[in-house]
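Residue numbers (our numbering), protein chains in the order written: chain A, 1 to 362; chain F, 1 to 151; chain L, 1 to 377.
In short, the hints are calculated from the structure, not lab data. Hints may be right or wrong, so weigh each one.
List time: in silico DSBU-like cross-link candidates among lysine-lysine, alpha-carbon distance up to 35 Å [said to hold, decoys possible]:
1) F:Lys-20 / L:Lys-192
2) L:Lys-254 / L:Lys-199
3) L:Lys-258 / L:Lys-300
4) F:Lys-140 / L:Lys-212
5) L:Lys-199 / L:Lys-189
6) L:Lys-192 / F:Lys-83
7) L:Lys-193 / F:Lys-143
8) F:Lys-143 / L:Lys-199
9) A:Lys-159 / L:Lys-354
10) L:Lys-193 / A:Lys-57
11) L:Lys-192 / A:Lys-57
12) A:Lys-339 / L:Lys-357
13) A:Lys-159 / L:Lys-39
14) F:Lys-43 / F:Lys-20
15) A:Lys-95 / L:Lys-354
16) L:Lys-300 / F:Lys-43
17) L:Lys-212 / A:Lys-339
Covered stretches of chain L, going by a simulated chain F footprint (3 or more residues, C-beta under 8 Å) [said to hold, decoys possible]:
18) 106-114
19) 183-190
20) 237-249
21) 332-340
Owing to the predicted nature of the structure, the values given are computational and were not obtained by experimental measurement. Just so it is clear, CB atoms sit at the ideal spot from N, CA and C, and this is done for glycine as well.
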Amino acid sequence: MAFEKYDFTPITQSIHQGLIENVSPLLTTIIEWTIIGVLYLLFIAVFGLFLVYAERKVCAAFQQRLGPMRVGPWGIIQTIADFIKLLMKELITPKSVDKFLYNLAPFIVIIVPFLTISVIPFAPGLQSLDFDIGIFFVTAVSSVGVIGVLLAGWASNNKYSLIGGMRSGAQIVSYELSVGMSLITMVILAGTMQVSEIVELQRGGWFLFKGHIPALIAFTIFVIAGTAETNRGPFDLAEAESELTAGFHTEYSGIKFAFFFLAEYINLFIVSAMATIVFLGGWMPFHFGDWAAFNNVMDFIPGLVWFFLKVFGIIFLIMWFKWTFPRLRIDQILTLEWKYLLPINLFNILLMATMVLLGWHW
Amino acid sequence: MTNEQLIAHLTSAYPDANVKQGSQYPEITVSHDTAHALMVHLKSDASLAFDYLVCESGVDYPAFMQVVYHLESTSHRHFLVVKANTENRENPVLDTVADIWPTAEFHECEIYDLLGITFSNHPGLRRYFLDDTWGHPLRKDFKDDIHVVER
Amino acid sequence: MAEIIEKLITTDEIKTDEYLVNIGPQHPSTHGVLRLLTKLEGEIVHNVEPHIGYIHSGIEKMTEALSYPQIVHLTDRMDYLSAHMNNEAVCLCVENALQVEVPERVKYIRTIFDELQRLASHQLWWCASGMDLGALTAFFYGLRDREDILDIFEETCGARLTLNYSVPGGVMFDIHPNFQKNVKAFITKFRKKLPEYDKLLTDNIIFQNRTKGIGILSKEDAIAYGVTGPTGRASGFSCDVRKHHPYSAYPYIKFEEKMGTEGDSFTRWKLRMDEMWESMNIIEQLIDNIPEGDFAVKMKGVIKLPEGEFYQRVESARGEFGVYIVSDGKKNPYRVKFRSPGFSNLFTINHIAKGWKIADLVAIMATFDLVIPDIDR
Numbered sequence: 001m002a003f004e005k006y007d008f009t010p011i012t013q014s015i016h017q018g019l020i021e022n023v024s025p026l027l028t029t030i031i032e033w034t035i036i037g038v039l040y041l042l043f044i045a046v047f048g049l050f051l052v053y054a055e056r057k058v059c060a061a062f063q064q065r066l067g068p069m070r071v072g073p074w075g076i077i078q079t080i081a082d083f084i085k086l087l088m089k090e091l092i093t094p095k096s097v098d099k100f101l102y103n104l105a106p107f108i109v110i111i112v113p114f115l116t117i118s119v120i121p122f123a124p125g126l127q128s129l130d131f132d133i134g135i136f137f138v139t140a141v142s143s144v145g146v147i148g149v150l151l152a153g154w155a156s157n158n159k160y161s162l163i164g165g166m167r168s169g170a171q172i173v174s175y176e177l178s179v180g181m182s183l184i185t186m187v188i189l190a191g192t193m194q195v196s197e198i199v200e201l202q203r204g205g206w207f208l209f210k211g212h213i214p215a216l217i218a219f220t221i222f223v224i225a226g227t228a229e230t231n232r233g234p235f236d237l238a239e240a241e242s243e244l245t246a247g248f249h250t251e252y253s254g255i256k257f258a259f260f261f262l263a264e265y266i267n268l269f270i271v272s273a274m275a276t277i278v279f280l281g282g283w284m285p286f287h288f289g290d291w292a293a294f295n296n297v298m299d300f301i302p303g304l305v306w307f308f309l310k311v312f313g314i315i316f317l318i319m320w321f322k323w324t325f326p327r328l329r330i331d332q333i334l335t336l337e338w339k340y341l342l343p344i345n346l347f348n349i350l351l352m353a354t355m356v357l358l359g360w361h362w
Numbered sequence: 001m002t003n004e005q006l007i008a009h010l011t012s013a014y015p016d017a018n019v020k021q022g023s024q025y026p027e028i029t030v031s032h033d034t035a036h037a038l039m040v041h042l043k044s045d046a047s048l049a050f051d052y053l054v055c056e057s058g059v060d061y062p063a064f065m066q067v068v069y070h071l072e073s074t075s076h077r078h079f080l081v082v083k084a085n086t087e088n089r090e091n092p093v094l095d096t097v098a099d100i101w102p103t104a105e106f107h108e109c110e111i112y113d114l115l116g117i118t119f120s121n122h123p124g125l126r127r128y129f130l131d132d133t134w135g136h137p138l139r140k141d142f143k144d145d146i147h148v149v150e151r
Numbered sequence: 001m002a003e004i005i006e007k008l009i010t011t012d013e014i015k016t017d018e019y020l021v022n023i024g025p026q027h028p029s030t031h032g033v034l035r036l037l038t039k040l041e042g043e044i045v046h047n048v049e050p051h052i053g054y055i056h057s058g059i060e061k062m063t064e065a066l067s068y069p070q071i072v073h074l075t076d077r078m079d080y081l082s083a084h085m086n087n088e089a090v091c092l093c094v095e096n097a098l099q100v101e102v103p104e105r106v107k108y109i110r111t112i113f114d115e116l117q118r119l120a121s122h123q124l125w126w127c128a129s130g131m132d133l134g135a136l137t138a139f140f141y142g143l144r145d146r147e148d149i150l151d152i153f154e155e156t157c158g159a160r161l162t163l164n165y166s167v168p169g170g171v172m173f174d175i176h177p178n179f180q181k182n183v184k185a186f187i188t189k190f191r192k193k194l195p196e197y198d199k200l201l202t203d204n205i206i207f208q209n210r211t212k213g214i215g216i217l218s219k220e221d222a223i224a225y226g227v228t229g230p231t232g233r234a235s236g237f238s239c240d241v242r243k244h245h246p247y248s249a250y251p252y253i254k255f256e257e258k259m260g261t262e263g264d265s266f267t268r269w270k271l272r273m274d275e276m277w278e279s280m281n282i283i284e285q286l287i288d289n290i291p292e293g294d295f296a297v298k299m300k301g302v303i304k305l306p307e308g309e310f311y312q313r314v315e316s317a318r319g320e321f322g323v324y325i326v327s328d329g330k331k332n333p334y335r336v337k338f339r340s341p342g343f344s345n346l347f348t349i350n351h352i353a354k355g356w357k358i359a360d361l362v363a364i365m366a367t368f369d370l371v372i373p374d375i376d377r
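Chain A on its own, in the form it takes in the complex (with noise of 0.2 Å):
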């Protein structure tokens, strides 16, 4: 098909074989890795930096306002403005913190989205990291997080930040649960949990058209729960401004606290990903039936560019969330999650999985 010309293997295979025709195969590993490493790094970095920006222009749009106007076209400078401001502060450290869980505990939230976004394929061909057990791993690591966000938490010594870190923990360890499930029940509709088949099998349609019923309501599900997940509005309750005035990091600061920051705006990508990936066909092109000339029209599209459409699609969904709606409180969250999403879920997978039996599904 046409959009096979956009995949990215010929560069990458290209490139490992001009390595080890030259090097020796140790040093082209390690030279693999550091290129990886790097153009990892830089993308958390811009990317952080973009969705920030984007959120405040968001932000902006639904309170009627313009946003940053003043540095640079559009205030587009503002935010690498605002992260030189944070590099350059002071790191202050209280007197009375237990300094080594305070010093290591923004390192511990940082780590998660850069383990996360190596199974995440961007394109055809562009992804470092092709586990069989892809869906799991990403389960797994995300949960790390929360260990960071108790111990910032804990070791701040400050009430307001052990209040914030708990809620924080309560939250998290009940979202992974329906975050996990909603993705099983996407597995059983797979056949499998490594994330680029998971692509290809939506070749012939996303798994939110082909699973129909049961998809819709995992992936609805799927969107509360990442939203919960990413500690943002109306689940907000770990960092709670009006309550807690920042929750678990009110004693980070500079560097540090621009750690917290951009962990969070990075799961939210991650977030959004996964949805993108297990729901909406990863970078496939939207097909409708057999409407050839508009599918062929699809195609020509790059997969890089049909990625970052749903990406941004989900990512102005949850910010949608976020501008609209007030705080839940702690206990109303927890029932939400125990009481509501997780039966449903229960129910959903046993509802996919009679589907997948019974072939119900297109």
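Start from chain A and add chains F and L according to the hints.
Same frame as chain A, now just chains F and L:
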């Protein structure tokens, strides 16, 4: 009740107290030791039923300290000013009315802070606005060479 | 199994310790410098002790050295969101004491300003308490519409927040020629905007879960604690000074005293929304009928009140605002006491927030509509 009826009723009920029509509202002036008993009655008497303490303020007169209670009845909609006087300027003590109207608890803390009138049986008398090192600024003999400039 | 759990819960081993948290003096949801010394067990609030006085400015002491027209200028520094009502209270008190009858035109202008001020105050309350509940977009909706009212104020009296428009004997200047046109344009516009407020928050299910049944204040407690204004009326305490002790142009107009029965946060919220509609009705009744005449009566250069005590109550945006002036016949008052609504309202918080969660405490404070300078004076 209208103001005249109220004055007539109060005069017959409290022959000792000084009941008169003030510049706006009926006023009743009592001594500090009978004030509490009077106000218990003002609230419990069904024909008076002063259940809403609008305002409680302290005034420092040259001869005595006075606490002024502005009372209103939410059922009869009549208004009464009760004034309780104490001649002891050095250590003025009144009975608290926080047991009758809970809101008095907080107004009395304010009066204690600014005028230095102590209220006995008060559940938690503390200074609201000022530091312990301050005097009581609304007293007329209050002197502060640093913050107050006399003209 | 149930017995074991029962035993675990009741024994001390599993019980957590209470701990103290200082909410404030610098905290996003205290709307100023208020400190709530809160005793918590986990998330549950066990005791709230308000500590005030961080911006006590000694206004009552200052008034003893000032003349009456000067006192008016101090009053809008207390409850800056009901600046005009506070100004009016002192003016009415002085006029009553001197038995001065102000022109009809002044009464109408003052009442319209009162209601515009109430609208502006409720708008700011709406957006700020929306923000307390985590709905940040609400903040900008409210401020957007409040801007129109402030522009109307600015056009007539030059100030946007601390108006200083009322003076003993009348108002400082006549209304701007565009005043009536602009007010009518604003009312037409705001009648369309107000349903948006409901769509954004009041009808939202998360918002209703956060406020319904939370922080219930009974009618008896409202009267006993002297809780007035929309907060008291939400509990069923009929305390509208405009209705029971009408002043200015309120006797001439028909309006409804909005009442609630439940006394929870949601009723307080809904009641203020209803009051905004009612304020617009009041303004509409008055705006076309402002009589011609003087905007002030000539007062003496030095105003001296006769000897005696004078008390004047007005309905500010937060509740009953009272001025108690003791005069000894000089040009300065002997003693002035301001009965601020926020002071009485604030101290019920311990009574009704006990047993609720921290998030509910914030919701309760939001629906109480506290202005700290009003409490500290």
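Right, here's what the structure says about each hint:
A threshold of 35 Å between alpha carbons decides the hint, and for Lys-20 of chain F with Lys-192 of chain L the separation of about 53 Å lies outside it, so the pair is violated. About 29 Å separates the Cα atoms of Lys-254 of chain L and Lys-199 of chain L, which keeps this hinted pair within 35 Å; it holds. The suggested pairing of Lys-258 of chain L with Lys-300 of chain L is violated, with an alpha-carbon distance near 40 Å, which exceeds 35 Å. Our distance criterion of 35 Å between C-alpha atoms is broken by Lys-140 of chain F and Lys-212 of chain L, whose separation comes to about 49 Å.
At roughly 17 Å between alpha-carbon atoms, Lys-199 of chain L and Lys-189 of chain L fall within 35 Å of each other, so this suggested pair holds. Between Lys-192 of chain L and Lys-83 of chain F the CA atoms are separated by roughly 51 Å; this puts the pair beyond 35 Å, and the hint is violated. For the suggested pair Lys-193 of chain L and Lys-143 of chain F, the alpha carbons sit about 54 Å apart, so the restraint of at most 35 Å is broken. Using a Cα cut-off of 35 Å, the hinted pair Lys-143 of chain F and Lys-199 of chain L is violated, with the two alpha carbons roughly 57 Å apart.
Between Lys-159 of chain A and Lys-354 of chain L the alpha-carbon distance is near 19 Å, which keeps this suggested pair within the 35 Å criterion. For the proposed pair Lys-193 of chain L and Lys-57 of chain A, the alpha carbon gap of about 23 Å is at most 35 Å, so the pair holds. Between the alpha carbons of Lys-192 of chain L and Lys-57 of chain A the distance comes to roughly 26 Å, so the proposed pair stays at or under 35 Å and holds. Restraint check for Lys-339 of chain A and Lys-357 of chain L: the C-alpha separation of about 20 Å stays at or below 35 Å, so the hint holds.
Distance restraint check for Lys-159 of chain A and Lys-39 of chain L: the Cα-Cα separation of roughly 12 Å lies within the 35 Å cut-off, and the hinted pair is therefore satisfied. Restraint check: the Cα-Cα separation between Lys-43 of chain F and Lys-20 of chain F comes to about 19 Å, which is no more than 35 Å; the hinted pair holds. Taking the CA atoms of Lys-95 of chain A and Lys-354 of chain L, the gap is near 33 Å; set against the 35 Å cutoff, the hint holds. Proposed proximity of Lys-300 of chain L and Lys-43 of chain F is contradicted: the alpha carbons are some 43 Å apart, above 35 Å.
Restraint check: the Cα-Cα separation between Lys-212 of chain L and Lys-339 of chain A comes to about 20 Å, which is no more than 35 Å; the hinted pair holds. Only residues whose C-beta sits within less than 8 Å of a C-beta in chain F count toward coverage, and the stretch 106-114 of chain L has 0 of them, not enough to reach three; the restraint is violated. For the stretch 183-190 of chain L, the stated coverage by chain F is not satisfied: 0 residues place a CB nearer than 8 Å to a CB of that chain, which falls below the threshold of 3. A count of 4 residues in the stretch 237-249 of chain L with a Cβ less than 8 Å from any Cβ of chain F is obtained; the coverage claim is therefore met, three being the minimum.
Requiring three or more residues with a Cβ within less than 8 Å of a Cβ of chain F, the coverage given for the stretch 332-340 of chain L holds, as 4 such residues are present.
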